[in-house]
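Q: Read off the chains here:
Protein chains: 4
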Amino acid sequence: MVTVGIIGAGRIGKVHVESICTKVPNAQVKILADPFMNDETAAWAKAKGVQHTTKDYKEVLADPEIQAVLICSSTNTHASISIEAIEAGKHVFCEKPIDLEVAKIKEVIAALEKHPVKYQVGFNRRFDHNYAAVQKAVADGKIGDVHIVKIASRDPAPPSMDYVKVSGGIFLDMMIHDFDMARFLSGSDAEEVYAEGAVLVDPAIGEAGDVDTAVVTMKMANGAIAVIDNSRKAVYGYDQRAEVFGSKGMAASGNDSASTVQISNEDGVTGEKPLYFFLERYMEAYATEIKGFVNAIENDTETPVTIMDGLKPVVMGLAAKKSLAEHRPVKISELM
Amino acid sequence: MVTVGIIGAGRIGKVHVESICTKVPNAQVKILADPFMNDETAAWAKAKGVQHTTKDYKEVLADPEIQAVLICSSTNTHASISIEAIEAGKHVFCEKPIDLEVAKIKEVIAALEKHPVKYQVGFNRRFDHNYAAVQKAVADGKIGDVHIVKIASRDPAPPSMDYVKVSGGIFLDMMIHDFDMARFLSGSDAEEVYAEGAVLVDPAIGEAGDVDTAVVTMKMANGAIAVIDNSRKAVYGYDQRAEVFGSKGMAASGNDSASTVQISNEDGVTGEKPLYFFLERYMEAYATEIKGFVNAIENDTETPVTIMDGLKPVVMGLAAKKSLAEHRPVKISELM
Amino acid sequence: MVTVGIIGAGRIGKVHVESICTKVPNAQVKILADPFMNDETAAWAKAKGVQHTTKDYKEVLADPEIQAVLICSSTNTHASISIEAIEAGKHVFCEKPIDLEVAKIKEVIAALEKHPVKYQVGFNRRFDHNYAAVQKAVADGKIGDVHIVKIASRDPAPPSMDYVKVSGGIFLDMMIHDFDMARFLSGSDAEEVYAEGAVLVDPAIGEAGDVDTAVVTMKMANGAIAVIDNSRKAVYGYDQRAEVFGSKGMAASGNDSASTVQISNEDGVTGEKPLYFFLERYMEAYATEIKGFVNAIENDTETPVTIMDGLKPVVMGLAAKKSLAEHRPVKISELM
Amino acid sequence: MVTVGIIGAGRIGKVHVESICTKVPNAQVKILADPFMNDETAAWAKAKGVQHTTKDYKEVLADPEIQAVLICSSTNTHASISIEAIEAGKHVFCEKPIDLEVAKIKEVIAALEKHPVKYQVGFNRRFDHNYAAVQKAVADGKIGDVHIVKIASRDPAPPSMDYVKVSGGIFLDMMIHDFDMARFLSGSDAEEVYAEGAVLVDPAIGEAGDVDTAVVTMKMANGAIAVIDNSRKAVYGYDQRAEVFGSKGMAASGNDSASTVQISNEDGVTGEKPLYFFLERYMEAYATEIKGFVNAIENDTETPVTIMDGLKPVVMGLAAKKSLAEHRPVKISELM
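Protein chains in written order, with the numbering used here: chain A, 143 to 478; chain B, 143 to 478; chain C, 143 to 478; chain D, 143 to 478.
Calculated directly from the structure, the hints in this document are not laboratory data.
Keep in mind it's a predicted model, so treat the numbers as computed, not measured.
Treat the hints with caution; some may be incorrect.
A pair counts as met if it fits within one copy or between any two copies, since identical chains are not told apart.
Within a straight-line C-alpha distance of at most 30 Å, the following computed DSS-like cross-link-like pairs (lysine-lysine) qualify [said to hold, decoys possible]:
#, residue 1, residue 2
1, K375, K390
2, K464, K165
3, K156, K248
4, K165, K188
5, K375, K200
6, K375, K284
7, K156, K473
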């Protein structure tokens, strides 16, 4: 049984409390910390079986019973709390992105070199049943050498403008998951990135200096070409698909929906929309990633999403940002 | 090149003129006969390349250049014209059903025994790409021993009440195709039939002594159980599906539609309806069945749908009718 | 918070322990009773948070803190324990079937009339996302008047011969779920049943006096015709589909599978098989049915599957058994 | 009835002979010309109903009965024969590409300005039922403003190396169809092109100076971003799909296959591969495009694929070639 503390009681922090308490039998949440901890959240946590809540995340780091820390606080604190936790000898699960700056992530890497605890980054989609099945098909050699990777990733609605302004932009906030997918599904690193972007959903996003629609192509180290498309708004729901095409065939995944039911009538044959958003689509994946983290601790094996897996998509995102700004293909090596 | 005459210039007769002229390179239509032949039809036939049109079908039988006759006249004339054509030494393609009475079909069989020409019955669905692929999977042993056969067959709209009254009823007019499919897909004959029927679409059909909704279960000689459902009205179009389930798996066919396009929007994910009706769904099958007939003539081989294949579904239909009337399972042997 | 005791720690009893402990926040399992309770099961239950385990189910009935009892013991004890629990003033959730004899179920009904506690029968499929969505479409009027209901239900492998011998036969053990579905999806009761059956999977099943393949057609009170097919062995997994066809269209549900991934290669385009069996397919439904039960207790409303819903499929199963034995359609009224 | 002559009796010339003779009732092929005309081809043409065959295409242009010419000769002759035909007052249907050089296409445009006959370019995919349905959904406003267009286009096997060497390269030979699709489906012109390419299928293609795998992204004038992926070898057959994503939803088309049959067994649920190649997939589209051409002649309306529609994909292909060579995004205006 691994005892964990969770830092950050926002949406994703609560997801982890919920999934650990109900779906991860070999872990328990001892402390939930959040600077804005209030009675309501504390009561909710208690009902889930969390022993203690606090406004001070340092209580988590100081508790000798806590073996592992889940960092679910705001992005700008990920790196510094990571380092504190590492130095306190805690295993760390850190939500993505570790940081928006490469230098800060390298500081975390340096801390890990001194204190080699387990460190996992929250790229939950690797644990989604559909993406995992595509990856398994690729890893099992079923599609041969990888030639083309295509990833569609579209949100049902844009985030608030407040969030857009601090998010780091579409490439670091949203497409970062798809950059991870491109690596995960192709089994290879990106070498060069070219980004197209447009403001088609909401002019306010453009005024904030971001784009809301983007297509990025990449040359991967194994020769494959990868392409990702993102939109901040798909009216039909959360569209999350991938296909990997290679010398022996293609593996493609579709969306999940609430049921398999199809209605045939005078208007056509209609099935359900994709599940609405990430909480619906990836709830199981959130539990599975924590199971993977806990197993790595218990078995003293490498975590399934390492700090390098956390670093590289940030670099890819920065490269995409630079590509869009400078209107040219950008090599990953320029950013590293 | 096989020279044919076509007797009957109604809808199905015209289908055969059209498909032979455009899709069957080794056949030509020399004469089209119909008691109601008029200038319009004659002009249409001429434009298609038919040399001659007439009101008198006996001209077809008397022409020594005519090698084969397609009987597309009204059902009550099928058997007698079949016998005349057989006695005239013509190969015969006869639309289904040969007759609504077993005795009359046996007269045709007797004629064939004396004059062994080629004889094919117009069960076009055997030549449909979907049903043919299911049957091939079964025949190739891909599903092992057949355990259950399910056939759904629903028309987009009921025929006119005038037609309903002379059609012989749903079992002999509509389900007869599905009885043929049950034999074709299972590779076995029916031994016993049980019919359920209801008037749910149009009370006028009930007043005419027929049902518009029917489910028939059958014991097949190979042990399989077959079930057919029919409706005279599916608002979403012509619904024509089959599945064969067996010891090694299942082969199932769906409908054809006008395109593969799917629209995803706030209402769901919507694909096209099935093709509207038999002319849309089976146009290629009509050409393929005639190719099969012409090839049997040219190669002197058995036709792909023999007179016995024509007889048995009629008996199954009569058994279903009797089952519904007497409210009990009816053995095929009771009718033969 | 509703406190429950569970009687029976076999497969389904454990499913309920598991799902209540992890997925039903407003219920807790206080006692788990089983005549064969052993250390392993007791330890397992304790780890799940169950306070107490016992060999004596009467401890459950005697505990004043227990508000509701889940009866998951062997079928032949369902009715008598139901009555004891009712008389003890406990709400009852009883696994299907309540009993294989109508008279015994009527005794439970009589007990309920005297002691009106909540009583729910374990027809879990009503809570499956796919079936529930079909039913909702029907109930919402999307398909108009119901004309035809088709239910396919095939297990991946037959049960042990020991189980087959005491199961009550395919109609009462397996098809009983589908009889419930026929009522649930059509919104109507059966009036007459006709059964076909065959021994195609395993001769030993025939030697035990049962069939392993069955097709049942039914006349429903609302005029619809329903047809169910069952097989004890589908090599491709648990096949659970339904379609409801009516005056305005059709609602059809398919199987669930482990992922949406499709592999395209030289052999075709291959997707995943259906989920293997009921634990995989219906795990969520088991939690949802208990939520429904607990909500009925908390809100003092009717349970979503009443004792009459438990009785009627038994009668349908007995009618099907009689139909097969006597080789004729059997009216439900003959059995009631 | 429009009388046509066909110049070029290679594969595509024969496709047009076949489809006009069997599927275009208001056109007839009078002359088929090919410098390599031989007895076999002449006999084949005669059997199809073509009156005359010749080695000299000038006979076609000189025949006063010929109203329209189909130019199906080798690409390097398209422009010059187009001009000759235009000057002879014939309507022209010219296979794609008109030429690999913009200047030569402009000469044809100049000829048309002097002699305004009908001119149609052979972008057959616009007439494919699937692409046409996507385009109709877009044109009907069903997906709102276009944001992202994705086109997958993969051949089952590379052409011969002899062909590769004279083809103009993947962008002008193969992707040219997809450039046309990007314009057709988005309803907009490309403004800028960025190309990625790789040699992953056959090193010999690389040695010939071409790539066999390519991904091109484009900025369209209406703001949309389009992306095309091409491979010279998809082992599962001809993969031809498109999706258009916009403010109100998405329209996506899939492949056609030989049947709808799905086999469920221990290995999964397997459907048929896409139809093998363009002759299988687009045979109906070839007939439909000629019907469109003939109708434009008969009704004196604009052809459905104008010479400007022929020019623009060539420019897009040249821009893609330049982009790949210079490793930068290339504006369409640089090439015009």
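Q: Against each hint, give a clear statement of whether it holds in the structure.
A: Consistency of the hints with the structure:
1. K375 to K390: The answer is between: 10 Å across copies meets 30 Å, while 34 Å in one copy does not.
2. K464 to K165: neither (41 Å within a copy, 46 Å between copies)
3. K156 to K248: within (28 Å within a copy, 48 Å between copies)
4. K165 to K188: The answer is both: 17 Å in one copy and 16 Å across copies each meet 30 Å.
5. K375 to K200: For K375 and K200, neither the intra-copy (38 Å) nor the inter-copy (57 Å) Cα distance is at most 30 Å.
6. K375 to K284: Intra 34 Å, inter 16 Å, cutoff 30 Å: inter-copy only.
7. K156 to K473: Result: close neither inside a copy nor across copies, 38 Å intra and 49 Å inter.
When each numbered hint is compared with the structure, violations occur for hints 2, 5 and 7.
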